[in-house]
Amino acid sequence: MAKLVDNPKLAFRLARAIVSDIALYNQEKVKDGIKNDSVFDVMSEELEEGREHFYGRVSPDLDDRDHLYDRAIVDVMIKQAGKIESSIW
0 MAKLVDNPKL AFRLARAIVS DIALYNQEKV KDGIKNDSVF DVMSEELEEG REHFYGRVSP
60 DLDDRDHLYD RAIVDVMIKQ AGKIESSIW
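In numbering that gives the first Met the number 0, the protein residues as written are 0 to 88.
Just so you know, not all the hints are guaranteed correct.
To be verified - Simulated restraints, written as ranges between beta carbons of each label pair:
| no. | residue 1 | residue 2 | range |
| --- | --- | --- | --- |
| 1 | Lys34 | Lys8 | 31 to 37 Å |
| 2 | Ser37 | Asp74 | 17 to 23 Å |
| 3 | Asp74 | Ser43 | 14 to 20 Å |
| 4 | Asp60 | Lys30 | 22 to 28 Å |
| 5 | Glu27 | Glu47 | 16 to 22 Å |
What the hints assert, rightly or not - With a cut-off of at most 20 Å between alpha-carbon atoms, the simulated EDC-like pairs for lysine to aspartate or glutamate come out as follows:
| no. | residue 1 | residue 2 |
| --- | --- | --- |
| 6 | Lys78 | Asp20 |
| 7 | Lys28 | Asp5 |
| 8 | Lys28 | Glu44 |
| 9 | Lys34 | Glu44 |
| 10 | Lys8 | Glu51 |
| 11 | Lys30 | Asp20 |
| 12 | Lys30 | Asp69 |
Hint data in this document are derived by calculation from the structure and do not stem from the laboratory. These numbers were taken from a predicted model, which means no experiment stands behind them. Yeah, the Cβ is synthetic: ideal placement off N, Cα and C, and Gly gets one too.
Let the sequences and hints guide you as you build the complete structure.
Shown next as structure tokens:
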């Protein structure tokens with residue numbers, strides 16, 4: 000079994016990579032979700048699958064493990080969708 004990530008910086012990079020892949024493979028769903036202010040609803044399955052993958056690779060003892068993944072969602076998927084017309088912004 001591979002060693003679990005226990006470094007917050009590496010864990011955040013992993014979270015960003017996972018969310019980046021999710022956003023890349025679901026571009027239309029992300030776009031529609033941003034437009035309709037429902038991105039977390041329409042992407043719930045994909046984001047939960049990504050979270051499970053993240054948890055499988057990161058030590059459960061790492062402080063703010065949940066926060067790191069959530070922050071990656073905002074940084075990678077939400078902020079980069081800022082050019083999409085939406086009532087959110």
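Against the structure, the hints come out as follows:
The beta-carbon spacing between Lys34 and Lys8, approximately 33 Å, falls within the hinted interval of 31 to 37 Å. For Ser37 and Asp74, the Cβ-Cβ distance of about 20 Å falls inside the hinted range of 17 to 23 Å, so the restraint holds. Taking the beta carbon of each, Asp74 and Ser43 are about 19 Å apart, inside 14 to 20 Å as hinted. Between Asp60 and Lys30 the Cβ separation comes to about 37 Å, which falls outside the hinted range of 22 to 28 Å.
The hinted range of 16 to 22 Å is satisfied by Glu27 and Glu47, whose Cβ atoms lie roughly 19 Å apart. Restraint check for Lys78 and Asp20: satisfied, since their Cα atoms lie roughly 15 Å apart, inside the 20 Å limit. Between Lys28 and Asp5, the direct Cα distance comes to roughly 32 Å. Violation of the 20 Å bound is thereby established for this hinted pair. For the hint pairing Lys28 with Glu44, the CA-to-CA distance comes to about 12 Å; that is within 20 Å, so the pair holds.
Note on Lys34 and Glu44: the hinted pairing holds, with a Cα-Cα distance of about 19 Å set against a maximum of 20 Å. Among the hinted pairs, Lys8 with Glu51 is consistent with the structure: their alpha-carbon atoms are about 19 Å apart, no more than 20 Å. Only pairs whose Cα atoms come within 20 Å are accepted, and Lys30 paired with Asp20 is accepted, the gap being roughly 15 Å. Between the alpha carbons of Lys30 and Asp69 the distance comes to roughly 19 Å, so the proposed pair stays at or under 20 Å and holds.
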